[in-house]
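Participant: The whole structure should be built from the sequences, with the hints applied where relevant.
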Amino acid sequence: MAELDRRDFLKLVSVSAGGAAAAGCSDHVEKLIPYVVQPEEIIPGKAIQYASTCLECPAACGLHVRTREGRPIKLEGNPEHPVNRGALCALGQASIGRTYHPDRYAKPRLRGAGGAYEEIGWDKATALLAEKLGAAGGRVRALTGELGPTLGSLFDRFLAAAGSSGGRLHYEPFGYEALREASRAVFGAGVRPIFDLEGADFVIDFGADSLETWLSPVEHARQIESAREVTSAEGREARLIYVGPRLSMTAGNADEWLPAKPGSEGILALAIARVAFDAVRSAGRPVGGDPGLLEGILAGFDAESVASRSGVPAETILRIGRAIAQAKRPAALPPGVALTSRRATATTAAVLILDAVVGAIGTTVLLPAEAAAAPEPASFREILKLVDAMASGQVAVLMLGGVNPVHSLPPGAGFADALAKVDFVVSFASLPDETSERAHLILPDHTPLESWGDAAPQPGVRSLVQPSVRPLFDTQALGDSLLQVGRAMGDSVAAQLPAGSFRSLVEAAWSGTDFRAALIRGGVFEAAPRGGALPVAASAARIEFKLPQFEEAGPYLVLPVPSPLLHDGRGANLSWLQETPDPVTKVAWQSWAEISHETAKALGVERGDVVAVETGFGRLELPALPRGGIRDEVIAIAIGQGHTVGHYASHDAEGRAGEARGVNVIALLPPLTDESGGRAWLTARAKVTATGAHARIAQLQFTDNQRKRQLAESVSLAALAAGDGAAHGEAHGGEHGSHEIRRPYDPVNDAVPESPYRWGMAIDLDRCTGCSACVVACSIENNVPQVGEEWVLRGRQMPWIRIERYLGDGEADLENGRRRPEDREKLGDVDVRHSPMMCQHCGAAPCEPVCPVLATYHTPEGLNGMIYNRCIGTRYCSNNCPYKVRRFNFFDYQIESWPEPMRLMLNPDVTVRGQGVMEKCTYCVQRIETARQDAKNAGHPIADGAITPACVQTCPTHALQFGNLKDPQSGVNQRIEGNPKRAYHALHVLNTRPGSTYLAKVSRGAEPEEGGHS
Amino acid sequence: MPDVLGIWNDPGDVAEAVTRLRGRGYTDLETYSPAPFTEVDDAAIEKPSRVRLFTLIGGLTGVVTGYAMTIWMANDWQIMLGGKPFSSIPPYTIIAFELTILFGGLMTLIGLLVFGRLPSTKIDPAYSARFSAEEFGVRVRCRERDVAEVEALMRGHHAKEVSLVGA
Amino acid sequence: MTPPPAESVAAMIRPVPRAPDSKVNRDLLAVMEGASLGYWALLGLSVAFVGLAGGIWIYQVYKGLGIAGYIHPVFWGAYIVTFVFWVGIAHAGTLISAILFLFRAKWRNAINRSAEAMTVIAVLTAAQFLGIHVGRIWKSYFILPYPNQRGLWVNFKSPLLWDTFAITTYATTSIVFLYVGLIPDLAIARDRAVGWRKLLYSVLSLGWQGTSRQWKSHNRSVLHLSGLATPLVLSVHSVVSWDFAVSIVPGWHATIFAPYFVAGAIFSGFAMVLTMMIPVRRIYGLEGYITNYHFENMSRFILLTSIIVAYAYGAEYFMAWYSGVESEQTAFYRRAFGPYWISTWTMILCNGVFPQLLWFKKLRTNVPFLFVLSVLINIGMWFERYVIIITGLSSEYDPAAWGIYTPSWYELGIVAGSFAFFAHLFLIFLKIFPVVAIAEVKEIAIHERSHAHAGEH
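Residue numbers (numbering that gives the first Met the number 0), protein chains in the order written: chain A, 0 to 1013; chain B, 0 to 166; chain C, 0 to 456.
It is worth saying that the hints were derived from the structure and are not from the lab. Among the hints, a few may not be true.
[What the hints assert, rightly or not] In silico DSS-like links for lysine-lysine, alpha-carbon gap of 27 Å or less:
(1) K159/B x K430/C
(2) K825/A x K686/A
(3) K935/A x K45/A
(4) K384/A x K327/A
(5) K384/A x K131/A
(6) K545/A x K260/A
(7) K965/A x K83/B
(8) K62/C x K197/C
(9) K105/C x K46/B
(10) K121/B x K197/C
(11) K707/A x K825/A
(12) K197/C x K430/C
Facilitator: Here is the structure:
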C-alpha cells in the first residue's frame, strides 16, 4: 500500500471528481498468457488431485492435493485412507501454507563471521558440509522429526557411512513415551498400543484429549463420534466420560466430566478397575489377566479411599465401574500431554490395567507385534543425553531436520547453550524457526507438497508422499541433500549409500507393490488386524502407584495444554491457525492464562489483567482469563505460542522482529522425566501474582449464554427414546414441540418452482466437536483474508463460518447481559454445544430486501447470492442478518493477507474481494458450478454427494452434510427426515426458512441407561 | 397613451380606488404593492390564479410515474428478494408519494413563473423603489382626455401623489 | 404626450434617488451589510474544519472504512447517527413555513426565513453522510435507477432507496420553498443594492415588481407548496425511521418509530433554530422583529415535542417488557444498564427531563436559559440516534456475535466537520440573503398601521 498504484490513483481521481464514473474500471488489469506448449493432463480451469500424505503430525493422514494449473490450492483428506477417511484437522488444512510461506528459505544459507547469513549455491553448501563431516571424525549426531521409513533409514545409513557414533534421534515434543513403557510394564510388550474406538460403547478419557491432539485425533474423533451416533433403530451410542482438571474441548464433548485432582488419574482408574473387576468376575467373564494378580494390584484402591485422594465421589466411581463392566466394547484412554506427570508411566499403566480388566485389550486397545509397530520417537531421557553430549563438546556436527527444540525443550535443558558449543550445526528446515536461525548452515528442504516420501503410521498402513508442485524455490529434498553430501565426502562413504536420486529410493522401497496404483490411491492399505491382545504380566505387580510430586514454587499447578490448533507450536506460523479462535476460550493470536473465578478473586485480577506466573524454572507474564470450567489450584496455559521467529508466529510481520507472539509455557517447566524416562509436563507449581498491567484479549465470542434463543438446541436421550420431542420443548420453556421447531422445506418464493435443485445443509450438533477444521478449510477454499491480531482485537475478523460455543440453553437473565464475558461454566458440569454458524441461505432472507442495489439476492436454486461487483457497501444486509454471518472488507486485504508468494495459493475459482464490499458463505458455489458442469458433460442431473463444500469435506466427524432439498432421496434430506425429533432451524421464530437445518445435540446425561447397550 | 401613476400608503384605499377605476372602464391598470394584500390583488384581478392546475398536473404525473417505474423495473428483470412478491405495492407507495410531492412542487414553481410573467427582463417605467418600501402604486393607461378624470378619481381615494409617468 | 420607452433592468442599475425608505427595510437589510472581524474569524474557523473533515474523508476513501470504529456486528456507526441527526434538524424550517402557514400562525413570519435556510443547509449536510458511510463511494451511483447495459435496475423494496427519494425530494422542495419566499425580498434588495449585489439580486429576483398578478400567483404557489410540504415534512423522517423500523434488529423493529422520529425531528429542529437565532438576533439587534414572543411560541413547541419523545422512550421500554420477547428485553436492558448507559441517560435527561422546565413562563422567556437548553437538546438528540442505532446492533439475536462499538477519532473528525459545514453555509447565507422575511413582516406592519389609520377616521 506504500506507493500509490493505478487503482488507488483512480480511486482518488474519482473521489476528487466527486463522482464515480472514472472508477468504473478500477480493477487490476492482468495479462493472461496462454500455455505455449500445453502440458499433458493439465486442462486450464480444471482441478487435478494428487494423493499424498500429511506430515504435520505422526498420525500421517492421507491427502488429496487439489491443484490448479500446476499449483496446489487446497488440501483435502483422502477418502480411501484408513486413518482419516477423507477428513483433515485444522493443522492439516492449514499446512498448505508452508509451501507458499513468505518466510521460506529460497537458497542455502551460510552464517558468516558476523553472524549474518549469506545465501550460497548448493555446490558450495554441499562441499562445505561434506568437509565438516569429514573433519568431524564421527562426532556427528542428528536430531529429526518423523521422517518416514525410507528417508529415516536413508538418514541412518548416511550417518553410519559418515561414521557417526550416536546416530540419529527422532524427537517428538508430544512423544507419548509413557504409553510404550507402560505397556512394557503391564503386558511385557514394548510397543505403543493402538486405540481402535470403532464401535466402542463406553469411553473413559483420562485426560488424553483424544479429540484434539492425542496420537491420531482425526481418526479418534471420527471413531468416537460415529460410535456415539444416535440411530433410533438400535439405541447404540457410546458414553464418553472425561477425567481432567479443565473443561477442554474433549471434555466439552463428553457426557460426563470428572474434574479429578490432577495426578490422581491413575489411582482413579484403578479404583474404577477394582469395581469393574468384581462386576466382571460376578458376571463370570474373564478379566484379561490372572485374577489373583489383578486382585493384588487393585487391593489398595477401594472407592472410598480413592474418592478422598482424587476428589471424585465414591458413588461416581462405583457407578462408572459398574457401567464400564457392562459395556461390550469399552475403552479407557491414558493421559495425553497435559496430564503426563512424573508418574506418567504408572498412571498410563493403571489405565491399561483398567482396559485389561474390562476386556478392552484386543478389542479397542490393540497391541501390535514389535516388528509391525510404527517407529517410536526417542525418549526424553535420550534427548537430554544428547544435549549433555553437545554441551560437553562431544558433538562436532549436528544435523537438524523438522524439529524446533529451542522452542519445544525447557530452557532448563540448556539446549540453546549446548547448541552454541557444537562446532557446526546444519539445519534442513524449509521455514525459519528459533532453532534453524541458530544453525551455521541451512540446507533448505522441500516442503511436503514438493517432496517424495512415505509414512507408516500404523501396521497395515503404508502411505505415500508425492510432489504436487515444482519446487517454488532453490531448495533440495532432504534425501537428495544427504545423497549429494555423501557423494561429496568421497567414494568410501558414497559406496555405502544407494545410487540414484531419493525419488528412486522411494520407488525402490515400494517396489514390492504396484507403485502406480499406490500413487493413485495414496498408499497401500491392508485390512489386516493391527494388533492383538496380551494378558496382564506379572511385572505389572511391581509398578508402584503413587500420586506424583511437583516442583513446588507456589500454590498453582501449571497445566501446559496442547493447543488443538497450533499442536506443539508447529502450527504457529500458519496465519489460519493463529486467526481461528481456540475452540474452548475463543481467543485468537494470543496467549492467555486460564484460572478459575475463585483464583481470580484470590489474586484480585479480572479478565485481561496481566499476571506473572513464576516457577523455579521460569517466569512469564500473560493476561488472565478467568473461567468456571477449571479447578481452583490449576493455571492452564496453551502450548504453541511464544515464537520469536516467523511471519505469523512472531511479530516480525508487524515490524517488531524478534518479539515473541504470546508466551511459551514450556519456559516454566523443568526438564524432568517420568519413571521410565518419558517426558513429564505436569511437573511444576507456580507462584501467580497480579502485575497491575492490563492487556486486551482477542476473544471472538462475547458470551456462552445463548439466552434460550434456540441457536444450539439439545434433546435428552430419554425424550428421543420415548419418541417424543417434549423434552425438546422443555429446553425452551415448553412453548414449542420439536415439530414446531422444525420448518419443513417450503419452496414458496424460495427457489424457482421448475428448478430441480434447492441447496441445503444439515448440521449435526451431536457430532460437531468444535475442532474448527471447517473454519480453516473454508478460509483457504474461499480466499478469506486473515486480518491479524490488531484487527481481530477490533472485531474485523473475516471467517465465513465460525464455531459458536454455548453452555446449555442459557438463561434469559437480563443481568447477565451486562458484563463481558458472561461465563456460565461450572466444575463438573458439562453441557457444551458447539454450533457451526455460517450463512443459512434463508428462503425468506432478511438481508435480501434491504440491499438498495440488488447486490445480494436469491438464486433460482435457493442460494443467497452475493455479487461483489455490485455491492456499494451500505452494510444494511449485515444489520438485518439475524445470524450475523456477513463480513465486510474494511480494507483492501489483497496485499496484506497474501504476501508473496502466498497469492499463488489463491483459489482461482473464487473472487478475491476488494475494499468496501460485503462477503459471506456461498455454500461453495464454485463447487456447485463445477459439479453442474461435470453433470452437464455427462448428461445427467447433479448426483447426490457430487457437491461437497469445503467445510463438509474436511469435517472429521461428518457433522455436516450438503445436498439438494428438493430431492427426497438426497442424503441431506434423509438425514433430516431420519431425525425428526432433532431437526430444527436456528432462530426459527424469525421464520427465515433457512436452507441449513440443525440437528440438536443429544444430552445423554451422566447416568448410563442399562437399556442403552442391549 | 399616457400612463397615470397614483401613490398610496394604505392598501384599503388602493383597493377602493382600483375597484372604482375599473368600474369606470379603466381596465388597463397595474398595481404595485410592497407585500401581498388580498384586497388590492382581488380588486385588480377577480379570477384566482391558475397555479393550482400546474400543481395538480405535477402531482398526478408524480404518482403515476412512481408506481409505473417501480413496478415495471421490478418486473423487467424479476429478481427474488427474501421471498417477497415482485410487485409489492406498499414499499412502492413511498416512492410514488415522494415523486408526487417532487413533481408537484416543481410544477408549482413553474406555475408561479408562468402566471407571474417571470422572469421578466423589463421593469415598468412606472415602478420605483418606493413600492419595495412601504408605498402602493396604481398605474392607469388612459386616453389624453381622460387623464384629468383618472387623477380626480385617484385623489378622491386618498392618493397622496398623482403623476404622469415619464413626465 | 407619448409614453416614454420602458427602461431595461440594466438602466435601473443606478442608485435610485433616495426614495422614502422604510425602517423595516433598513433594519433587516443591514444584517447583510459589512462583516465584523468576529464574523470572518468564525467563517474562517468553520471553513478550516470543513477542510480537515474533507481531508479525513479522502484518506478514508483511499485507505478504507476500517479507519472508523466499526466492530462486527456494529456496521453502522457515527456517520448514520449524524445523518439522522441532520435530517432531524432539517425539519423545523419546513414545519414553520408550511404547517404554521396553513394554520395562519402569523408569528412564524419573523423566523421562517432563517428556519427554511437551516432546513436546506441541514439537508445538504445530511445527504453527504450517505456518501461518507458507504464502502465504495466510487460506485455509489449504482443506487440510481439508470438504464445500463446490465439491464439491472435497483431495489425499490429497500428503505435506503426510499431514503434516496425522500431526501432528494425534501432537499428540492425546501430549496423551491425557500426561493419562492425570497423573490419579493430579493426585489427589495435589488432596489437598494449597488455593484455586484445589484446584478445578483436583479437576476435572482427575476424582475419582481409586486404587481397583483405576481402577488396572486405567489400566494397561490406558497399555499400549494405548503400543502405539499406538510405531508412531506411528516413523511421524510418517517421514511428515515423506517430504515430501522422495517429491519428485524431488536430495538429497531418498532411501529412507534415514525411518529417518534418525526416528533424528535421537530424537537431538535426548533432547538437548532433557537441555537442559531438567539446569537443572530443579539448580534444584529433584531429584537424588534424576533421578539421573546416568538421564542416563547417555539418553546411551547419544544415542550410539546419533548413530551411526545419522552412518551416514546417510555413506550419502547413498555413494549419491550410487555411483548415478553427476550431479545427485545435484553436489547433495552443493555441500553439502559449495559455498556452504553451514559449515552442513554444523556439522551433521557436532555430530551425528556430538562425541557420540562419550559412549563414555567419565566424560563420560556429567559433567553440565556433557552440558548443553553437548546444546545443541550441538540446534544441529547444526537445521542438519541446513537443509542438507537448502536445499542440495537451491538446485541442482536446471536449472543456469540455481540460487539461493542466506539467511534474512532477519524469518525468524530468528520462529524465535527459536518457542524462546521452547517455553520459556514449559514454564515454565508446571513450575508447574501435577508435573514428575516421582509415582505411578510411588512404585511403585518402595514396592516396594523392602516387599521390604526382607519381608527382616526
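Participant: All the hints need checking, so say for each whether the structure fits it.
Facilitator: Going through the hints against the structure:
no. : hint            : result
1   : K159/B x K430/C : 36 Å, violated
2   : K825/A x K686/A : 24 Å, holds
3   : K935/A x K45/A  : 15 Å, holds
4   : K384/A x K327/A : 45 Å, violated
5   : K384/A x K131/A : 23 Å, holds
6   : K545/A x K260/A : 13 Å, holds
7   : K965/A x K83/B  : 21 Å, holds
8   : K62/C x K197/C  : 47 Å, violated
9   : K105/C x K46/B  : 26 Å, holds
10  : K121/B x K197/C : 15 Å, holds
11  : K707/A x K825/A : 18 Å, holds
12  : K197/C x K430/C : 14 Å, holds
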